[in-house]
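Undergrad: As a plain string of letters, each chain reads:
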Amino acid sequence: MLLAMAWRNLQRHGRRTFITAAAMGISVAFVMAMLAYVDGMYRKMADVMINQTTGQLQVAHPDFATQRTMYDTVPDAAARLKTVAALPGVRGASARLYGFALLGGAEQTAGAQLVGVLPEQELELVPMRDRMVSGAWLAPDQTDQIVLGEGLAETLEVAVGDQVVAVTQAADGSLGNALYQVVGVLTSGSVTLDRTGAWLRLKDLQTLLVLPDQAHEITLLSDSLDSRAGDPIVSALVKTVRAALPTDEKHPLSVRPWWVVSPATASMLATSDASAWLILVILFLVAGLGILNTMLMSVFERTKELGVMKALGTRPAKIVQLVLWESLLLSGLACLGGLVLGGVLDWMLVNWGLALTTSSGDRLSTGGVLFDPRIFGVVRADRIVVTVLTLLCVAVVAALWPAFRAARLRPVVAMRDE
Amino acid sequence: MNATPIVTVKDLTRDYQQGTITVRALRGVDLDIATGEFTALMGPSGSGKTTLLNMIGGLDEPTSGTVIIDGQDLNSLDRGQRSDLRLHRIGFVFQSYNLIPVLSAVENAEFVLMLRGLPAAERRARAVETLAAVGLAGMENRRPSELSGGQQQRVAVARAIASKPALVLADEPTANLDSKSGHELIATMAKLNEELGLTFVFATHDPKVMNAARRVVWMEDGKVQRDERK
Amino acid sequence: MRLLNVALLGLFLTATSASAAETTAETAASDPSITELLDAADDVQRGDHSHATLEMQVKTAHYERTMKMETWAEGTDKTLIRITAPAKDAGVSTLMVGNNIWNYLPKVDRTMKVPAGMMGGSWMGSHFTNDDLVKESRMSEDFDGVITQKPAADGTGQWLIELTAKPDAPVVWGKVLLAINIDKLPTKIEYFDEKGTLVRTMLFTDIQDVQGRQVPMTMTLLPADKPDEFTRLTYLDIDFDTEIPSNIFSLQALKR
Numbered sequence: 070m071l072l073a074m075a076w077r078n079l080q081r082h083g084r085r086t087f088i089t090a091a092a093m094g095i096s097v098a099f100v101m102a103m104l105a106y107v108d109g110m111y112r113k114m115a116d117v118m119i120n121q122t123t124g125q126l127q128v129a130h131p132d133f134a135t136q137r138t139m140y141d142t143v144p145d146a147a148a149r150l151k152t153v154a155a156l157p158g159v160r161g162a163s164a165r166l167y168g169f170a171l172l173g174g175a176e177q178t179a180g181a182q183l184v185g186v187l188p189e190q191e192l193e194l195v196p197m198r199d200r201m202v203s204g205a206w207l208a209p210d211q212t213d214q215i216v217l218g219e220g221l222a223e224t225l226e227v228a229v230g231d232q233v234v235a236v237t238q239a240a241d242g243s244l245g246n247a248l249y250q251v252v253g254v255l256t257s258g259s260v261t262l263d264r265t266g267a268w269l270r271l272k273d274l275q276t277l278l279v280l281p282d283q284a285h286e287i288t289l290l291s292d293s294l295d296s297r298a299g300d301p302i303v304s305a306l307v308k309t310v311r312a313a314l315p316t317d318e319k320h321p322l323s324v325r326p327w328w329v330v331s332p333a334t335a336s337m338l339a340t341s342d343a344s345a346w347l348i349l350v351i352l353f354l355v356a357g358l359g360i361l362n363t364m365l366m367s368v369f370e371r372t373k374e375l376g377v378m379k380a381l382g383t384r385p386a387k388i389v390q391l392v393l394w395e396s397l398l399l400s401g402l403a404c405l406g407g408l409v410l411g412g413v414l415d416w417m418l419v420n421w422g423l424a425l426t427t428s429s430g431d432r433l434s435t436g437g438v439l440f441d442p443r444i445f446g447v448v449r450a451d452r453i454v455v456t457v458l459t460l461l462c463v464a465v466v467a468a469l470w471p472a473f474r475a476a477r478l479r480p481v482v483a484m485r486d487e
Numbered sequence: 116m117n118a119t120p121i122v123t124v125k126d127l128t129r130d131y132q133q134g135t136i137t138v139r140a141l142r143g144v145d146l147d148i149a150t151g152e153f154t155a156l157m158g159p160s161g162s163g164k165t166t167l168l169n170m171i172g173g174l175d176e177p178t179s180g181t182v183i184i185d186g187q188d189l190n191s192l193d194r195g196q197r198s199d200l201r202l203h204r205i206g207f208v209f210q211s212y213n214l215i216p217v218l219s220a221v222e223n224a225e226f227v228l229m230l231r232g233l234p235a236a237e238r239r240a241r242a243v244e245t246l247a248a249v250g251l252a253g254m255e256n257r258r259p260s261e262l263s264g265g266q267q268q269r270v271a272v273a274r275a276i277a278s279k280p281a282l283v284l285a286d287e288p289t290a291n292l293d294s295k296s297g298h299e300l301i302a303t304m305a306k307l308n309e310e311l312g313l314t315f316v317f318a319t320h321d322p323k324v325m326n327a328a329r330r331v332v333w334m335e336d337g338k339v340q341r342d343e344r345k
Numbered sequence: 026m027r028l029l030n031v032a033l034l035g036l037f038l039t040a041t042s043a044s045a046a047e048t049t050a051e052t053a054a055s056d057p058s059i060t061e062l063l064d065a066a067d068d069v070q071r072g073d074h075s076h077a078t079l080e081m082q083v084k085t086a087h088y089e090r091t092m093k094m095e096t097w098a099e100g101t102d103k104t105l106i107r108i109t110a111p112a113k114d115a116g117v118s119t120l121m122v123g124n125n126i127w128n129y130l131p132k133v134d135r136t137m138k139v140p141a142g143m144m145g146g147s148w149m150g151s152h153f154t155n156d157d158l159v160k161e162s163r164m165s166e167d168f169d170g171v172i173t174q175k176p177a178a179d180g181t182g183q184w185l186i187e188l189t190a191k192p193d194a195p196v197v198w199g200k201v202l203l204a205i206n207i208d209k210l211p212t213k214i215e216y217f218d219e220k221g222t223l224v225r226t227m228l229f230t231d232i233q234d235v236q237g238r239q240v241p242m243t244m245t246l247l248p249a250d251k252p253d254e255f256t257r258l259t260y261l262d263i264d265f266d267t268e269i270p271s272n273i274f275s276l277q278a279l280k281r
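Protein chains in written order, with the working numbering: chain C, 70 to 487; chain U, 116 to 345; chain X, 26 to 281.
The set of hints was computed from the structure by calculation and includes no laboratory data.
C-beta atoms are modelled at their ideal positions from N, C-alpha and C, and glycine is treated no differently.
Treat the hints with care, since some could be wrong.
Going by beta-carbon spacing under 8 Å, a handful of chain C positions derived as facing chain U [said to hold, decoys possible]:
#1 Met-74
#2 Arg-77
#3 Asn-78
#4 Arg-81
#5 Val-377
#6 Ala-380
#7 Leu-381
#8 Gly-382
#9 Arg-384
#10 Leu-402
#11 Val-447
#12 Ala-450
#13 Val-481
If we strip away everything but chain C, and leave its shape as in the complex, we get:
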């Protein structure tokens, strides 16, 4: 009967109930949409900053991540890559070799960060083809091709079809130099790489640097879609890979998850998760105040009625229950509406995406990483459950004060209320 009373009490002030519920429902919908957006951005950031940069885990010389010296390589890279790529739970694997070189176009020269890649395998990690501004990605069977970052191509004043010279100090101390054909220009997703990055076949860079069959990183992707430091799937794969790649003193190898390779990325992604919670907190603070106001008004209006109930022998706990039921029903209603509206918003975010550009029309940039401005929402069931549960908790907490106020009413005083 309490539940029925709570329900009917809500109907008593239909408009007020509706407005409060609508406000809360819109909050829920908005929170859902924001979370889907933030998670979409988060997924994208994780994709750019983890999958496409460090990979989810890396096999490298133990000192390479910190020292980045040319000589800290993974020897017999082809064989090792083959070993790890065949491991269960490996979704993608590629080897990369890095080197610094002076690149020269017809007139201009500039320093460049060369990335030697396996053209096909690299595509499993990074959607290079989507990033081409002009030309095409490296062909796996062609030698001496190079793809330049957009900014670098501009600096060098070269375009697809032109030739560039690379000069560098090779591993044996000789002056490595080679001529490459520019086959493509891309925008890399990283501000720095855009200005300095150049991609060529692993084998070509190995030749240039005189580092035969060596790589600086073997980069792996797992089945995990998570992007939180300590992700168990990635951690498990790290162990698998370690077991599969015995190391000796002469060829030390480290197998590290991305959060160890790049703690900065981990902390940045953690920040973005925190921002999701901030959204939740702010919006539900508003919802909580709405409930508090509504329930306080409702209790005030019914002082006499509540006095009568108490006079008849209603225990305070029952009164608290009644008020809480009202608040919960109100929020439940709001949740239902919010879920429907939020579902629609989420659907739009997931299917259509949302492009946010800065006022200057530039692409979004976070920590030096550029993003495609169109973010597609990612709907996570756990987020929705948490949202609804949070709202219901807020409903209970916000209604506690009005409820205890009502429960503490003294019948004689309350019944005198007009």
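Since the structure of chain C is already known, use the hints to place chains U and X on it.
TA: Same frame as chain C, but now just chains U and X:
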């Protein structure tokens, strides 16, 4: 009637603070009410009759003196226990507008039974029965707003007696009713008193109640002035 | 000072002419001023032309290699270096005019100017940087010097000079310690950073008489932080009297 009183009031006083002034609402009241009595507390406004009724109902606490209901000294009970005592021993009928507006007539009537924890079917049956006894058969599903003042008070009476309390306290039950409705309500309660032996105590200044009552306790300035039995 | 230049061109001999060697006794007795000593160490052959062949031995933790090269120089401003061995690098040429450096790469048939940002990089895998090749600084102008030791009257011992960078001098060193022998030829130079930590040491050894001049035929650079590494330049042949066509110091000639 029976010699064991259901209500025993001894030297009861109640002071209210109104700003700096102390108002003495009750100045030493002694009163026994036996089971089955139909008693009216009469007196002008401010004579203390409502205060006394609230004291008996455990809704208010005395400044001094004791109230014993069915052998229990209210001073020895805490709020929760007094609340339970009201729930299990006392039925209340207040001035009008004391029904719970979101509940239908039958739901109001079964409200106290619900609080007592009776199973839904049983309390519903008893509530319907009680409504019939107060002459409201067929109106079970009406909301208070769909009932006349007299009908509302009958529902209030039904609510008060549905749980078969040892004592029914009614504070100005006819105050907001027209003459005819007032008569009918009093007749209903008198009938319940006679047929079921329910004990009624009224606080009223309605002569109709006085006429129906078999005991009239006259109050003035917080004291019992006269105690008439017919 | 133009570190590598100094070595490549044997410019220490400028102040150490044959006559200087003959008058050693008087010089020691009459105490040259510090400026005189520094300029002697610094100065180039004022319009002199030189042509030399050298061997450069580089040893690092990762490789050890020996290169042969041929050099032409005119004054301090113009130098051409051509690698002759090993085969992999043969034909690679470096042209220095003023503060600019161009490299010619025969394999790709291209000439590339070394951009400003890469001047601190290694030259030909050695411990010399591109800056070392061209950066000009005069010790007597950029440093305050104190003579801490003098050769004995009997001609033994040497000058020790401690140089401290002037506050605003555009130099990378905080302190330089010079050892100059009785013939006013530097034998050892130690370079310290602003914090006073030894960065590298240059040793000048194997002094020979070439066309009447005293020339240290071998110069060794020892980086202080890598005790097992060095770069050693050794003159195989040096000629101060050769005619050098002036058009050799041009980009066109670089490709030859």
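Undergrad: Give a verdict on every hint.
TA: Here's how the hints hold up against the structure:
1. Given the 8 Å rule on beta carbons, the hint for C/Met-74 holds: about 6 Å separates it from the nearest Cβ of chain U.
2. Taking 8 Å as the C-beta cut-off, the interface hint given for C/Arg-77 holds, the closest approach to chain U being about 4 Å.
3. With its C-beta approaching chain U no nearer than about 5 Å, C/Asn-78 sits inside the 8 Å limit, and its interface hint holds.
4. Contact between C/Arg-81 and chain U, as hinted, is supported at the beta carbon level, the nearest pair being about 6 Å apart and thus within 8 Å.
5. The beta carbon of C/Val-377 is positioned within 8 Å of a beta carbon in chain U (closest approach about 5 Å), and the interface hint is therefore held.
6. At a threshold of 8 Å, the smallest CB-CB gap from C/Ala-380 to chain U is about 6 Å, leaving the interface hint in force.
7. Checking C/Leu-381 against chain U by beta carbon gives a least distance of about 6 Å; that is within 8 Å, so the hint holds.
8. At a threshold of 8 Å, the smallest CB-CB gap from C/Gly-382 to chain U is about 3 Å, leaving the interface hint in force.
9. This hint holds: C/Arg-384 has a C-beta 6 Å from the nearest C-beta of chain U, less than the 8 Å allowed.
10. With a cut of 8 Å, the hint placing C/Leu-402 at the interface with chain U is violated, because the nearest CB-to-CB distance is about 17 Å.
11. Among the interface hints, the one on C/Val-447 is violated; its C-beta lies about 44 Å from the nearest C-beta in chain U, farther than the 8 Å criterion.
12. Among the interface hints, the one on C/Ala-450 is violated; its C-beta lies about 37 Å from the nearest C-beta in chain U, farther than the 8 Å criterion.
13. Hint on C/Val-481 holds. Least Cβ distance to chain U is approximately 5 Å, under the 8 Å limit.
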